[in-house]
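**Student:** Here the protein sequences come in this chain order: V and Y. One gets the working numbering by counting positions in the first sequence from 1 and adding 4 to each. One gets the working numbering by counting positions in the second sequence from 1 and adding 49 to each.
If you're looking for bench data, these hints aren't it; they were derived computationally from the structure. Heads up, a few of these hints could be off.
Stated by the list, open to error - One-sided excerpt, in silico: chain Y residues whose CB lies under 7 Å from chain V: (1) Ile-64; (2) Leu-66; (3) Trp-69; (4) Gly-70; (5) Thr-83; (6) Val-87; (7) Asp-91; (8) Pro-93; (9) Val-116; (10) Ala-123; (11) Ile-126.
Just so it is clear, CB atoms sit at the ideal spot from N, CA and C, and this is done for glycine as well.
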Amino acid sequence: MLARPRSRGVSEATVKMCSLLRGEEMCLAQLFLQSGSAYDCISELGELGLVEFRDLNPNVNSFQRKHVNEIKKCEEMERILGYLLREIKKADISLPDRDVNPVTPLPKHVITIMEQLQRLEVELGEVTRNKEKLQKNLLELTEYTHMLRITRSFVQRSAEREHLEAQYEEFPFLEKDAMMDYSSMQRLGAKLGFISGLIQRVKIEAFERMLWRVCKGYTILSYAEVEEYLEDPDTGEPMQSVVFLISYWGDQIGQKVKKICDCYHCHLYPYPSSNEERNDVVEGLRTRIQDLHTVLHRTEDYLKQVLIKASESVYTWVIQVKKMKAIYYILNQCSFDVTNKCLIAEVWCPVNDIPTLRRALEEGSRKSGATVPSFVNRLPTTDTPPTLIRTNKFTSGFQNIVDAYGVGTYREVNPAPFTIITFPFLFAVMFGDLGHGAIMFLSAAWMVLYENNRKLKNTRNEIWNTFFEGRYIILMMGLFSIYTGLIYNDCFSKSLNIFGSGWSVRAMFENNVWDSVISGNGVLTLDPNITGVFKGPYPLGIDPIWNLASNRLTFLNSYKMKMSVILGIIHMSFGVVLSTFNHLHFRKKYNLYLVFLPELLFMLCLFGYLVFMILYKWLFFTVKDSRHAPSILIQFINMFLMQSDTMQPLYPGQAGLQVFLLVIALLSVPVLLLGKPVYLYWLQNGSHRLGMYRGYERVRRNSEEELYLMRAHDMEEGSSLSDFSTSGEHNTEEFNFADEFLHQAIHTIEYCLGCVSNTASYLRLWALSLAHAQLSEVLWAMVMRIGLRMDTSLGVLFLVPVFGLFAVLTVSILLVMEGLSAFLHALRLHWVEFQNKFYSGTGVKFCPFSFSLLPSSFEHDGLL
Amino acid sequence: MRGLICGPKLAACGIVLSMWGVIMLGMLGIFFTTHSAVLIEDVPLKDEDLTPDPNPPQRIYELYNKVGYNCFIAAAIYILFGAFSCCQMKLNKQKEYLVH
Numbered sequence: 005m006l007a008r009p010r011s012r013g014v015s016e017a018t019v020k021m022c023s024l025l026r027g028e029e030m031c032l033a034q035l036f037l038q039s040g041s042a043y044d045c046i047s048e049l050g051e052l053g054l055v056e057f058r059d060l061n062p063n064v065n066s067f068q069r070k071h072v073n074e075i076k077k078c079e080e081m082e083r084i085l086g087y088l089l090r091e092i093k094k095a096d097i098s099l100p101d102r103d104v105n106p107v108t109p110l111p112k113h114v115i116t117i118m119e120q121l122q123r124l125e126v127e128l129g130e131v132t133r134n135k136e137k138l139q140k141n142l143l144e145l146t147e148y149t150h151m152l153r154i155t156r157s158f159v160q161r162s163a164e165r166e167h168l169e170a171q172y173e174e175f176p177f178l179e180k181d182a183m184m185d186y187s188s189m190q191r192l193g194a195k196l197g198f199i200s201g202l203i204q205r206v207k208i209e210a211f212e213r214m215l216w217r218v219c220k221g222y223t224i225l226s227y228a229e230v231e232e233y234l235e236d237p238d239t240g241e242p243m244q245s246v247v248f249l250i251s252y253w254g255d256q257i258g259q260k261v262k263k264i265c266d267c268y269h270c271h272l273y274p275y276p277s278s279n280e281e282r283n284d285v286v287e288g289l290r291t292r293i294q295d296l297h298t299v300l301h302r303t304e305d306y307l308k309q310v311l312i313k314a315s316e317s318v319y320t321w322v323i324q325v326k327k328m329k330a331i332y333y334i335l336n337q338c339s340f341d342v343t344n345k346c347l348i349a350e351v352w353c354p355v356n357d358i359p360t361l362r363r364a365l366e367e368g369s370r371k372s373g374a375t376v377p378s379f380v381n382r383l384p385t386t387d388t389p390p391t392l393i394r395t396n397k398f399t400s401g402f403q404n405i406v407d408a409y410g411v412g413t414y415r416e417v418n419p420a421p422f423t424i425i426t427f428p429f430l431f432a433v434m435f436g437d438l439g440h441g442a443i444m445f446l447s448a449a450w451m452v453l454y455e456n457n458r459k460l461k462n463t464r465n466e467i468w469n470t471f472f473e474g475r476y477i478i479l480m481m482g483l484f485s486i487y488t489g490l491i492y493n494d495c496f497s498k499s500l501n502i503f504g505s506g507w508s509v510r511a512m513f514e515n516n517v518w519d520s521v522i523s524g525n526g527v528l529t530l531d532p533n534i535t536g537v538f539k540g541p542y543p544l545g546i547d548p549i550w551n552l553a554s555n556r557l558t559f560l561n562s563y564k565m566k567m568s569v570i571l572g573i574i575h576m577s578f579g580v581v582l583s584t585f586n587h588l589h590f591r592k593k594y595n596l597y598l599v600f601l602p603e604l605l606f607m608l609c610l611f612g613y614l615v616f617m618i619l620y621k622w623l624f625f626t627v628k629d630s631r632h633a634p635s636i637l638i639q640f641i642n643m644f645l646m647q648s649d650t651m652q653p654l655y656p657g658q659a660g661l662q663v664f665l666l667v668i669a670l671l672s673v674p675v676l677l678l679g680k681p682v683y684l685y686w687l688q689n690g691s692h693r694l695g696m697y698r699g700y701e702r703v704r705r706n707s708e709e710e711l712y713l714m715r716a717h718d719m720e721e722g723s724s725l726s727d728f729s730t731s732g733e734h735n736t737e738e739f740n741f742a743d744e745f746l747h748q749a750i751h752t753i754e755y756c757l758g759c760v761s762n763t764a765s766y767l768r769l770w771a772l773s774l775a776h777a778q779l780s781e782v783l784w785a786m787v788m789r790i791g792l793r794m795d796t797s798l799g800v801l802f803l804v805p806v807f808g809l810f811a812v813l814t815v816s817i818l819l820v821m822e823g824l825s826a827f828l829h830a831l832r833l834h835w836v837e838f839q840n841k842f843y844s845g846t847g848v849k850f851c852p853f854s855f856s857l858l859p860s861s862f863e864h865d866g867l868l
Numbered sequence: 050m051r052g053l054i055c056g057p058k059l060a061a062c063g064i065v066l067s068m069w070g071v072i073m074l075g076m077l078g079i080f081f082t083t084h085s086a087v088l089i090e091d092v093p094l095k096d097e098d099l100t101p102d103p104n105p106p107q108r109i110y111e112l113y114n115k116v117g118y119n120c121f122i123a124a125a126i127y128i129l130f131g132a133f134s135c136c137q138m139k140l141n142k143q144k145e146y147l148v149h
């Protein structure tokens, strides 16, 4: 009891600020939960989402776990809920507001929910079955009505015909009979029978042929189509039917006809023998149909009522069942202690959250009314904990794109905070258009302003969800693109003249140089060597006059290539510098001198020098020297070949400096290759005693006592024991040396060759920005210019659809396609060229047990 | 519902397109009427316009102004289109509240 207040004070004193730079410190903790309050404690933890549970029974089959019955009950409830949701969706009832968060039901309340659900299921099943029966009945009666109506027209038709032709005196009784009905043909001695019914339209010809073949003329078939589409009582699909009437002579024929009708799935209805009977039947049918309609209406209303009432609480039930199932799943992962009265759970918990964890357990114990509280115990462990980095809605997007490559190793430097700025910047260098950047920024701003709109948040469309999750990334990308658009002076492929161009044509005329230049060369126009032509650089960005120049690309390519190389080397050097954070944190100071320093020197002496040469040439070479300015590429190559006498130097003393830098770079390679393995080997073998104890320390869960005893024992024993153990150590150390050396050799080769290839890889910044600018220009020239150049009087109306087409093509080609392309390349530059200088990314992500993070199968099926 | 032609998404696209059209064509019109040199390629120049003339820039300026006025008229048509899309959007919102 005395220990608890002190430990709480200590833990609060050592609480560190959680930051984005490094993952949080995690610890393995054991929770001792009393059996009575285990459920409530885990419910509290699920609401908070603090810890990640470890499975203590990994070898147990899911059917052999302790709480398998409760999970089965939960799944049964989920089945009923799924059925309910499907019925609600079919009836087009909308679910109410989904912002409620009901608490987990206690095990004793589960029975009520189960009963309610089962009752609802039974009721719904009954009502649905009744409704289906009634509908089937209704369809049959409708068909019967149609049949009676249409066969009446058979009788009347033939009756009319007979009436017109009734001039034959030989058969006076036939004439009379024809007015009445056919059954009086019985006087002829032949027993006439009638079969009437409906058949599908597509089958009627085959039916007729079959009848003719089988009955050979002893039947008469008359049929007529039903005008409206009737629903098939069995399948519910609309189909076109034909009403037929078969009159036959003889019993056997009758049976054959009936069998044929069965084959063709005809719906047979009794044929009325007289007109009065027919009328009676029709009347009866009409009343019955009306009654059926009423009953059906009432049934549908009742069904809807039941569903509406269910829909009010179905969402609450879904969440409650989900929480319950999750808690039982976690309970299955715990194990019992020796007394069988206490559940033990092992969790990964952030060290800063241990007080919150204690409070949650106290709260859970209080809620369940337990007398003995549950408590937490920290466990020392050598397992690597999962990585937790806390993010907010802005940083989570950038953290996700870093994690997509690899989750950071435990307590490693996180590249995400730097990615927040460098990623949009590198994207913008490749995208660089003011107008497109503005559109991207505005669309992202719309998404950000409406981010709390429920309809936007909860759509199922995957592509939309991807864009919505990255709305802050797109916002930054748009903002930075506006900036680079200003620098490149490119707005929908046109330049903006904000400050006034630095080039003047007037000076060419005034110095009387114009005519000689024009007659000498068809392309050259403005010579900056003449005074007054070039008045000075444009204050911000590229001069707008370059938009009108035909050698625009020559100028821009040189500028963009050099800029890409400079940006690349700065980015990579920054990556190398970030590795110092890792070396210092993991207390491997030797890495600073043996790995970081050679790497940095190699990079800066060679490629940093290249950047220096570029900047020097930009700053110190003017227009007058442009004719004989040395090429930087040739100078750089000559530096490696150590040929400095053929060319004019860039600056005095260049030869000596280059040799010096080259020697430093070449010397740093063997230091990088051999330094670390040799140092570690010396460490292992330089002190025998330390080597021996290191072997004992590798045993897990040793106690301090044991180690002390070992040391004391060894001091008594003397050197014999130490020899024995060092020989064993020696074997393992040899193996480690080879392993370490191989690892370091691979790293050295990868780094040195990578420096060259990665620097060249950054030239994609130039390539994509050129592609974007050219595409933009082509789109303007081929679409917008056509509309603007129309000088007919109808030209103005032509401009309206042309602009619409321009807008659609801009969004689809330049924004979406080029945007995705630049996104991908900027991402690649980060993942490969930047992160392979310092990031290992072999960690596991921390997934806390939290109810809000659990997926719901109903949402997956689109039911919720 | 009388007068409802487009769905909600089409009306939203119409509003966005007409806003963009109004702003961009308006600015283009301004840049053409101020005779910006960057837009020289977009003016319908014919060869005889470039032959020496007592008032060399005037003919070119007139062409610039013509294209500028074209742009302004197109912007006005897009304002009408935007108003139509807004109407459709309002009708769609009403329909959403009624049928429920």
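**Student:** Which hint numbers doesn't this structure obey?
**Tutor:** 1 and 5
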